[in-house]
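K.L.:
My request is simple: use the sequences and hints to build the entire structure.
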Amino acid sequence: MKSVTLFAVLASLPIVFAQSSSSSVAAAAAVSSSTYLPPSSVASVPLPSISPVGNYYYAGCYLEPPNARMLPYLVVAADNMTLEMCSSNCAGTYQYWGVEYGRECWCGYTLAAGTVETTTDQCNIPCGGLPTEMCGSHNGMSLYSSLSSIAPPYVPPPPPTPKIPQMAGPYTSLGCVTEASNYQRALTSFEVVNANMTNDICATACAGYTYFGTEYSNECKKYPRCS
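If you count by mature numbering (1 follows the signal peptide of the UniProt record, and there is no 0), then the sequence shown holds residues -18 to -1, 1 to 209, one letter each, in order.
Heads up, some of the hints might be wrong.
[What the hints assert, rightly or not] In silico SDA-like links for lysine to any residue, alpha-carbon gap of 25 Å or less:
no.: 1; residue 1: K145; residue 2: L156
no.: 2; residue 1: K145; residue 2: E161
no.: 3; residue 1: K145; residue 2: G157
no.: 4; residue 1: K145; residue 2: Y198
no.: 5; residue 1: K145; residue 2: T160
no.: 6; residue 1: K145; residue 2: N181
no.: 7; residue 1: K145; residue 2: A177
no.: 8; residue 1: K145; residue 2: E197
no.: 9; residue 1: K145; residue 2: C158
no.: 10; residue 1: K145; residue 2: T186
no.: 11; residue 1: K145; residue 2: S155
[What the hints assert, rightly or not] With beta-carbon atoms standing in for the labels, derived distance ranges:
no.: 12; residue 1: Y198; residue 2: P142; range: 14 to 22 Å
no.: 13; residue 1: P108; residue 2: N178; range: 54 to 62 Å
no.: 14; residue 1: N121; residue 2: T180; range: 43 to 51 Å
no.: 15; residue 1: T160; residue 2: A189; range: 22 to 30 Å
no.: 16; residue 1: V174; residue 2: V98; range: 44 to 52 Å
no.: 17; residue 1: P140; residue 2: A162; range: 29 to 37 Å
no.: 18; residue 1: T101; residue 2: P48; range: 13 to 21 Å
no.: 19; residue 1: G74; residue 2: P140; range: 31 to 39 Å
no.: 20; residue 1: T101; residue 2: I183; range: 55 to 63 Å
no.: 21; residue 1: N37; residue 2: Y198; range: 53 to 61 Å
I should point out that these hints are in silico values taken from the structure, not numbers from a laboratory. These figures come from a predicted structure and were not determined experimentally. For every residue, glycine included, the Cβ atom is placed at its ideal position computed from N, Cα and C.
P.N.:
Dropping the structure here:
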């Protein structure tokens, strides 16, 4: 079944829909929503008690998200990598830095969504320049933060759900109409296709008609009456 966002001019003409075994007009769909809490509203995670490097605190061993980088900027890749080298290259600019593969230094302002903490022993590759230090692993990053607590990875809020306007020109919204299962069209006169379609554009194109409707995001249809 297909659905049409339907509008009509409300005058003395009654609104009559063809009878069928089920109602032709469906109430506007309820929009489900999920609760979103911005990072600032989520409790920060206390950091492990390990000696800081420069002005950065050890945050722990973290696994990178699938098909993404925990931190976006690779600033140094060197076989003589040390924690101090990475810290000096990221200090004063970034909130986070981390090392992995024993030789790579990454920096960033936030952690990518999907970053998860694991046990410290999973970051088990010695730093190339100082084997007594650990510089991450093949999928784990020894992470340091300029703050004494680490904020959860940023998760963007869901995009807003489009809303059906109550009016489009002189037309009043009748809600969402489900077309019949036998491929009968709710509105049978095809008017215009426009990649930038809006209800106002369709209302202008259908001026003088009792009903107009939009569907497929780019189609505008009209008819003096509903079929």
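K.L.:
Each of the hints needs a verdict: does it hold here or not?
P.N.:
Here is how each hint holds up against the structure:
At most 25 Å may separate the alpha-carbon atoms for a hinted pair to count; K145 and L156 meet this at roughly 13 Å. For the suggested pair K145 and E161, the alpha carbons sit about 20 Å apart, so the restraint of at most 25 Å is met. About 11 Å separates the Cα atoms of K145 and G157, which keeps this hinted pair within 25 Å; it holds. Restraint check for K145 and Y198: the C-alpha separation of about 15 Å stays at or below 25 Å, so the hint holds.
Pair hint K145 plus T160 holds up; C-alpha atoms about 17 Å apart against a cutoff of 25 Å. At most 25 Å may separate the alpha-carbon atoms for a hinted pair to count; K145 and N181 meet this at roughly 11 Å. For the given pair, K145 sits about 19 Å from A177 by alpha-carbon distance, which is consistent with the 25 Å threshold. Restraint check for K145 and E197: the C-alpha separation of about 14 Å stays at or below 25 Å, so the hint holds.
Taken as a hint, the K145 and C158 pair is honoured in the structure, with Cα atoms around 11 Å apart against an allowance of 25 Å. With a C-alpha separation of about 20 Å, the suggested pairing of K145 with T186 holds against the 25 Å cut-off. Restraint check for K145 and S155: the C-alpha separation of about 11 Å stays at or below 25 Å, so the hint holds. One distance hint, 14 to 22 Å for the beta-carbon pair Y198 and P142, holds here, with the actual separation near 21 Å.
At about 58 Å, the CB distance of P108 to N178 agrees with the hint of 54 to 62 Å. About 47 Å separates the C-beta atoms of N121 and T180, a value consistent with the hinted range of 43 to 51 Å. T160 and A189 have their C-beta atoms about 26 Å apart, which keeps the hinted 22 to 30 Å range intact. The hint said 44 to 52 Å for the Cβ distance between V174 and V98, and at roughly 50 Å that hint holds.
With their beta carbons about 33 Å apart, P140 and A162 fall inside the hinted range of 29 to 37 Å. Between T101 and P48 the beta carbon distance is about 19 Å. The supplied range of 13 to 21 Å therefore holds. For the pair G74 and P140, the beta carbons lie near 35 Å from each other, so the given range of 31 to 39 Å is met. One distance hint, 55 to 63 Å for the beta-carbon pair T101 and I183, holds here, with the actual separation near 58 Å.
At roughly 56 Å, the beta carbons of N37 and Y198 sit within the given window of 53 to 61 Å.
Taken one by one, the earlier hints all hold for this structure without exception.
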